Structures are given as structure tokens and as C-alpha cells.
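S.K.: Heads up: the sequence lines are chains A and B, in that order. Be aware that the first sequence starts at 1, since it is given in the UniProt record's numbering, and climbs by one per residue. Be aware that the second sequence starts at 1, since it is given in the UniProt record's numbering, and climbs by one per residue.
What the hints contain is simulated information worked out from the structure, not anything from laboratory work. Here the structure is a predicted model, which is why all the values come from computation and not from measurement. Any given hint could turn out to be false.
Identical chains share a label here; the pair holds if one copy fits it or two copies do between them.
[To be verified] Lysine-lysine pairs mimicking BS3-like chemistry, simulated, CA-CA at most 25 Å apart:
id, residue 1, residue 2
1, K69, K142
2, K92, K78
3, K122, K84
Number of protein chains: 2
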Amino acid sequence: METDDHDDGGVLVPPSNFSMVEDGIYRSGFPQPENFSYLTTLNLRSIIYLCPEPYPEENLRYLEANNIKLFQFGIEGKTDPMPKDTVLDALKVLVDVRNHPILIHCKRGKHRTGCLVGCLRKVQSWCLSSVLEEYQKNAGVKWRQRDLKFIETFDIVSLRQCLLSIMYRYHGYGFKRKRLVFEEENVQKPQAAKV
Amino acid sequence: METDDHDDGGVLVPPSNFSMVEDGIYRSGFPQPENFSYLTTLNLRSIIYLCPEPYPEENLRYLEANNIKLFQFGIEGKTDPMPKDTVLDALKVLVDVRNHPILIHCKRGKHRTGCLVGCLRKVQSWCLSSVLEEYQKNAGVKWRQRDLKFIETFDIVSLRQCLLSIMYRYHGYGFKRKRLVFEEENVQKPQAAKV
Chain A
1 METDDHDDGG VLVPPSNFSM VEDGIYRSGF PQPENFSYLT TLNLRSIIYL CPEPYPEENL
61 RYLEANNIKL FQFGIEGKTD PMPKDTVLDA LKVLVDVRNH PILIHCKRGK HRTGCLVGCL
121 RKVQSWCLSS VLEEYQKNAG VKWRQRDLKF IETFDIVSLR QCLLSIMYRY HGYGFKRKRL
181 VFEEENVQKP QAAKV
Chain B
1 METDDHDDGG VLVPPSNFSM VEDGIYRSGF PQPENFSYLT TLNLRSIIYL CPEPYPEENL
61 RYLEANNIKL FQFGIEGKTD PMPKDTVLDA LKVLVDVRNH PILIHCKRGK HRTGCLVGCL
121 RKVQSWCLSS VLEEYQKNAG VKWRQRDLKF IETFDIVSLR QCLLSIMYRY HGYGFKRKRL
181 VFEEENVQKP QAAKV
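The whole structure should be built from the sequences, with the hints applied where relevant.
M.R.: Right, dumping it as C-alpha cells:
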């Protein structure tokens, strides 16, 4: 663990706009050196960073010293619309529990982070009004109508297919066959065998 | 588990103003029947309810069917100042991991819940500005100056003493002696033995 140059006499300083999303998932604004002591208590394994700007040297040193992996997805702050494919890639990293505990952050933890968390909530089957309430709570007066629209129209089917393929890889053919039988039942009635 | 009369076709509806505080600790506004399916996914063991009004029959039935214990601390919504002893009692229930996973709620999840969570953050050694930022994020435009003052002046020493006594009970004399030696070192220099 890195020697801490930012000792505040035992007081912990979480990053701005910090909150817990789920077991092993956190969100915040950009972590500053005075937040490192607090971050250490989270035992992070990874960080999802959603801005195009290079990660600061001091933060990179902290990550290296604490063996934290950085996943950077460069999304412009003023982008309209948000890049769906990039958000989908970030979502794949986010739902992979091998990367947990994980912190998502952009600059303020409001728009880019809010959109990614909103998409995660859709994967978790949250109703849309609850997803938007959470987005707005974290964005405050800075909330953007176009972000709400992005979240609402974001298609999670391809992510569900990706999750399914991960399950196949881990659980093998037995799981796959069971799943396929299940899908056949729902999608298409099996033909009666000709005798 | 209770038969769910509020099926929304697989869509989950968290209670209003819901968020995760820590591992095994959640906060929200008053849970309605349409939120029960979501609450079930949290595997709650207890609920801290901070209003004086009786708990609704439908909610009591849900708790009973799911073996969830209710801790009620009747704090008036307009109380000024907040009752310190009652908040301390609620805090003792909250920090006891035997009650986790636990949901804290009042009516809107803003003032009474916000004060209790704020006091918890002080126990966790969060710096005051981060505690207040979290309080304000959850209270929105309804935030109250007197709540911030309550959190700032809330004395957590008696809770720390209570935690210490729990540790003594669980870890026995060895722990106690080590602790007392540690305290002696800090509080009072031991006298050199006379020879």
C-alpha cells in the first residue's frame, strides 16, 4: 500500500458526489489525492473512468501501488448523443464481478456516470421512473433531458446476450442445453416427432 | 415468502428515494406495496422505522411473511431539535451487524433518515463536509439547516463506548486488557515502579 501523503488525522474524505450503487459497485466525481485514504477502505479492484483526458500521474501511482486496474472509456462531456457502443463496452466491464469492487467516475459523477448507472439499473430490471429518480438525485440541478432519453432508449438486449455467452463459457454445455430448451419453449413450439 | 399481489411483469420498483448506504444498509422513503417485490431481493433482516405513526397493516403482513424484524423509533417529522437519545438508540440497532441487511426509512427518507445516516457517517470517521453533501443530495431542495447542525453537534463518544462494551462481551478479557493498556499509554504515562 502506498505511503499516504494526505493524512487528515484519521478523518476519511470520500470523493465528491460519492455513493454506493450495489454490493461491490461505487460511483463518484473525480477522485483527488485527499480521497485516496478513503478509497483504500473500499479495497477496489478496478476503476471505470469515463473521460477522454489522460489519467493524472498521481492517480496512476495510487492505482499501481494498490493494484487497481484502470478501464478508460473516453466519452466527451458535452457529447450529444452519448456513444451507445462505448457505454455498452463499459457496462460489460461493470457487470463482470471479477472486476469488483469497482468505482465508476467521470468528472462530476453526474452525466456520464449517471448514464452508465442508469443502463445498469435497466439490466437489473428497475422500473424506468426509479432509474430516472436515481439519475436526477445524483445530477442535482445539472440533470439533462437528453441523458434521460439516452437511458430510456438504451437497448440492453445485446448485453443480455453477452451475459448469456459468459454463462455458457462458465457453465458449459449442460447449462447451454437447458437454456436452449427453455428458449425453444418460449420462442417456438417444438414440432411433434413424425412417427 | 408472501404471495406477491403486486406483480409488475418482472419490473422491480424500489421505494422512493432509495439508495444503498453501506454493505447491508439501505435507506429510502416509506415502502409501498408495489415496492415489496424489490425489497424481497434485498433479503432484509430488519427495518428501522423513524416515525411515530403505527406501521400499516399491509406492511406488517409483508414483514411477518418475510421474517423481517421492525425497530420503530417514533420521531416527529417537525421536531426541533431532533431527540438525541432516540437517534442514539436507533444508531445502536443500525451498527449491529446481526440486524443486517437493514433498511432505514421514515416518510420521505430525507430528514429523519438523513440525520441517522449522517450520524453513522460520523461513527465511520467521514469528514463533515462529505457527511453534509450526502445529506443534501438525499434531501434535495427540502434540506434543513437544523438537520446539518444536529449532525454536526451529535456526540458519538457514547456510541463508541457502547461499541467497545460489545467488543468486550465478544472478545473477553484478553481484548479488554489490551485495550486498557492502549488507553493508559495514551491518557496517562505509567509511573516508574519504585525500587
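S.K.: Compare the structure with each hint and give your call.
M.R.: Each hint tested on the structure:
1. Taking identical chains as interchangeable, the C-alpha atoms of K69 and K142 are never at most 25 Å apart, the minima being 30 Å within one chain and 39 Å between chains.
2. In this homomeric assembly, K92 and K78 come within 25 Å of each other (Cα to Cα) only inside a single copy, at 23 Å, whereas the closest approach across copies is 46 Å.
3. When the C-alpha separation of K122 and K84 is checked against a cutoff of 25 Å, the pair qualifies only within one copy, where the shortest distance is 14 Å, while the shortest distance between copies is 40 Å.
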